[in-house]
Amino acid sequence: MVYQQTIEVGTRGRGTTDLTDEVAHIVRDAKISTGIAHVFVKHTSCSVTITENADPSVRRDLEMLAKRWAPDGDPAYQHDDEGEDDMAAHARTLLAGTSVTVPVAAGALALGTWQGIYLWEHRTSSHRRRIVVTVIG
Amino acid sequence: MVYQQTIEVGTRGRGTTDLTDEVAHIVRDAKISTGIAHVFVKHTSCSVTITENADPSVRRDLEMLAKRWAPDGDPAYQHDDEGEDDMAAHARTLLAGTSVTVPVAAGALALGTWQGIYLWEHRTSSHRRRIVVTVIG
Amino acid sequence: MVYQQTIEVGTRGRGTTDLTDEVAHIVRDAKISTGIAHVFVKHTSCSVTITENADPSVRRDLEMLAKRWAPDGDPAYQHDDEGEDDMAAHARTLLAGTSVTVPVAAGALALGTWQGIYLWEHRTSSHRRRIVVTVIG
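So the protein lines, in turn, are chains G, C and L. Going by my numbering, the first sequence opens with residue 1, and the numbers climb by one from there. Going by my numbering, the second sequence opens with residue 1, and the numbers climb by one from there. Going by my numbering, the third sequence opens with residue 1, and the numbers climb by one from there.
It cannot be assumed that every hint is accurate.
Note that identical chains are pooled: a pair holds if it fits in a single copy or bridges any two copies.
Dumping the calculated DSS-like pairs for lysine-lysine here, alpha-carbon to alpha-carbon at most 30 Å [unchecked claim]:
no., residue 1, residue 2
1, Lys67, Lys31
2, Lys42, Lys31
3, Lys42, Lys67
Keep in mind the hints are simulated off the structure, nothing from the lab.
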């Protein structure tokens, strides 16, 4: 069985948006008891990632490390058509990925207690992001 | 067809544990001839990753690079509730991931000759880690 | 339903090869209307990754950042059996991954407009690379 739904999420520039409840809801709607849920962004300057859901300072520290890894406006970049955060945003998707896959068990997302699914906007300005959730089992 | 099994693995602090044989066994039990196997950790301070299986020095070098990328006790971290390795461990999961997906062919894991599946403990102390293996085909 | 095909791609040393059309063709052959496509390399020194498909300078900048992250011939490496790019290549797979999973919708790859699927060769010499594409839905 397969169930697929595309959602749109508005971001307010760089930072994370918790998608866990929305993905969990889609998984329940899928009525698939055992399988996997795949969450994919159709963009190259934001990520879907799984990280700690209890202390927001974890996500602030990841933001700091992502900046170290790919600084905005690094003079070594050739690609800067859309500004100082353009290439940095593409580089962050290499680090943080474009999709996550999570097991489904007993008809629900089988995340660990401290795991959340986040949309991570890498651009500094607001964007509408399309996310495809596919549940298979 | 879907087959799912949850296993528990004890770690002895930072380092890798080879999961390849255990996952291969689960795939054989699944009796699914063609498909994928998804291996997922339900934690935010350890990873499942695929890397070279022949020379242990590869995994030592990856450990060294992971330390460079997210040093223990970095003064820039805000999150340090559980000690110097706490935020470093979360950061390493961004780099090394939370799950891997491997093709299944002829009823077996279709890994390359030099590929192994490893649980990578990022905390410095021992932990019990729960891993969900889902085979679909 | 499941459809699986293994392809071989020749690389000319470090750099990216666009696999998007070939994977899209396999997905059409699969005749699966809704699901996911998993693209996996059976090697530990090259990656499959999704990135921006319009401006080649994005991929040159990713190459530059990958070199910073894991320099060739870093004196801290223990593993150097096959030369200065040996350990660097393994390390780049930690960053860039071994597989990607993309949704399938209306019988086609559901990539965003600017997303391409690339084989990223991390070794400096030419190689033949085996890639397993599995479509499930």
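Please flag the earlier hints that this structure goes against, numbers listed from lowest up.
-> 1
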